[in-house]
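There are 2 protein chains.
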Amino acid sequence: MKVRNSANRTRSSLGDVGEERLLQRILPALPSSSAVISGAGDDCAVVRFGDSKKLLVLKTDCVVERVHFTSDAAPTGVGWKAMARPLSDFAAMAAKPEFALVTLIAPAAVSTRWVTELYRGLAKAARMFEVAIVGGETSGTDGAMSVSVSITGAVAKDRWISRDGGKANDELFVTGTLGGSIRGRHLRFIPRIEEAQWLAQNFRITAMMDLSDGVGADLPRLARASNVGFEVDDAAVPRTRGCSLAEAISDGEDYELLFAVAPRDADRMQTAWRKRFHKLRLTRIGRLVPHSGFRVPSSFRGYVHFR
Amino acid sequence: MKVRNSANRTRSSLGDVGEERLLQRILPALPSSSAVISGAGDDCAVVRFGDSKKLLVLKTDCVVERVHFTSDAAPTGVGWKAMARPLSDFAAMAAKPEFALVTLIAPAAVSTRWVTELYRGLAKAARMFEVAIVGGETSGTDGAMSVSVSITGAVAKDRWISRDGGKANDELFVTGTLGGSIRGRHLRFIPRIEEAQWLAQNFRITAMMDLSDGVGADLPRLARASNVGFEVDDAAVPRTRGCSLAEAISDGEDYELLFAVAPRDADRMQTAWRKRFHKLRLTRIGRLVPHSGFRVPSSFRGYVHFR
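So the protein lines, in turn, are chains A and B.
Okay, so the first sequence: first residue is 1 according to my numbering, each after it adds one.
Okay, so the second sequence: first residue is 1 according to my numbering, each after it adds one.
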């Protein structure tokens, strides 16, 4: 990539600044409309659509060769991951995914079998959550392969959950176990769509997100969006077998749910969860605290994109 | 890209088969739903959304470095093109675009200025058509840069136009002039959103699409979808200044409208067009004919992806 630097004297690259900080600068100035309820910054966008009682939910995401999958990864796994990542963002908002569009960027030399298997993985993940794949585009490239998936879906007006509703004293929970996803789970994880909808329908979930960059990076984001601090009990963080605490916190790509629940719902929720989802662990890892009470464990170091 | 070839003995690559043929094989087997009115194959997907009277329209597209833009192209032009291409697909269906999501895949070395200018181009095109940009994702890569844009919008139930409604004797028109887009127009073309909606509201437009691969490749697609043949008057094809007939037919990236109109609306439409859009040429280039009457000019050679 040729870095253009004609008029500005101070060079800075995406790698120096970081994608998140750069987008935080750019996104607020982009065109919006009165139909937009939640734009860039949350897991999905939420907008009004015509006269519909339901809100329209939108998300796009991509996987890139040598960033999100290795060149020798099984193509069905790559397809699964490409579809499951934006599905996991729908889980984060307790929304129902409905329609998917796929963009494949691939060199001409890729085998038709690879592409067919990729689509098999995409279709398998879509089918599991009753999502229709309504379009597929393909472009050539001389570089790395990538697969982008955009998903559109729906949520009832009073039912969607963002990152920003957390209150001091809400209890913090995560599903599943954290860390070590790179060993294989990142190509076959199950988006927590069903669990998220059940939680939102039955308990006062005040803030929720999916864990993509690791709880060490994602929990501070949830707290910041909710304008509160947090406390985490390091010993309680559920680790995948063989993972250290640092790995559980920083590996990323867990695609589990992280959420805050009103304290008086916490016990009832845990009891009901064990009956409903007895195969999936649910763990209390800490609580939200007033903003002045920041007590971030030193173990919390984030996973940074564009390292 | 490593081409995996473990179990299948007959090697075939995306380049051999071509993206269009491969997707034609794969897409029909993908999961669908009763809400899908028009899936993959037309310019946009059209689906039902909840209880809304309007239909939801979906499209995703991408531009890739060294395929759709050169590495030294002005980033505002790249952004403009990335947004305007899917907008042009909305024009093709006479639908109203409303919300856009952007995915940027870029190496860490790209300058923040480049990314900022890219978003300036994206925003400019979105603003022109009152489209809100509701999300932006970024991923690293070690390869070519790419920008994917997904657009969601609406169309009235009885107002959308597909490629497949053309009838024998319908007259064929194109907007603007064709050919030579690569000299610069491909980075600043105007999607024919306004013109398409005006046409659909006032005349019997039976089939429509936008010209992305050149009329030589796109008109046969429209005819095939409508199950009719076509005749074209080579001399009538409106060429961009300095372009040969072959260039006008095959260069591609015109992003003009190609449409069929019921014969008795054709004169009235041309008169009204000249009043309404006097700066933009509208040219009758031929007509649809019964399927048995195929008369494809020898000058019609398509522009093929993955050359």
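The reader is advised that the hints may include incorrect statements.
No copy labels: a pair is met if it fits in one copy or bridges any two.
Derived DMTMM-like pairs (lysine to aspartate or glutamate); straight-line CA-CA distance at most 25 Å [unchecked claim]:
(1) K124 <-> E20
(2) K157 <-> D142
(3) K157 <-> E117
(4) K53 <-> E231
(5) K157 <-> E130
Derived by calculation from the structure, the hints in this document are not laboratory data.
Handout entry: Status of E231 relative to K53 across identical chains (alpha carbons, at most 25 Å)
Key = neither (38 Å within a copy, 48 Å between copies)
Practice task
Could you figure out if K157 and D142 sit no more than 25 Å apart (CA to CA) within one copy, between two copies, both or neither?
Solution key: neither (44 Å within a copy, 41 Å between copies)
Handout entry: Up to 25 Å CA-CA - E117 versus K157, copy category
Key = So K157 and E117 fail the 25 Å test inside a copy (38 Å) and across (36 Å) alike.
Practice task
Using 25 Å as the alpha carbon limit, work out where K124 and E20 are close: within a copy, between copies, both or neither.
Solution key: between (31 Å within a copy, 22 Å between copies)
Problem - Alpha-carbon proximity between K157 and E130, which holds within one copy, between copies, both or neither at 25 Å - result: Both. Shortest intra-copy (21 Å) and inter-copy (24 Å) distances satisfy the 25 Å Cα cut-off.
Hint compliance for this structure: hints 2, 3 and 4 are broken, all remaining hints hold.
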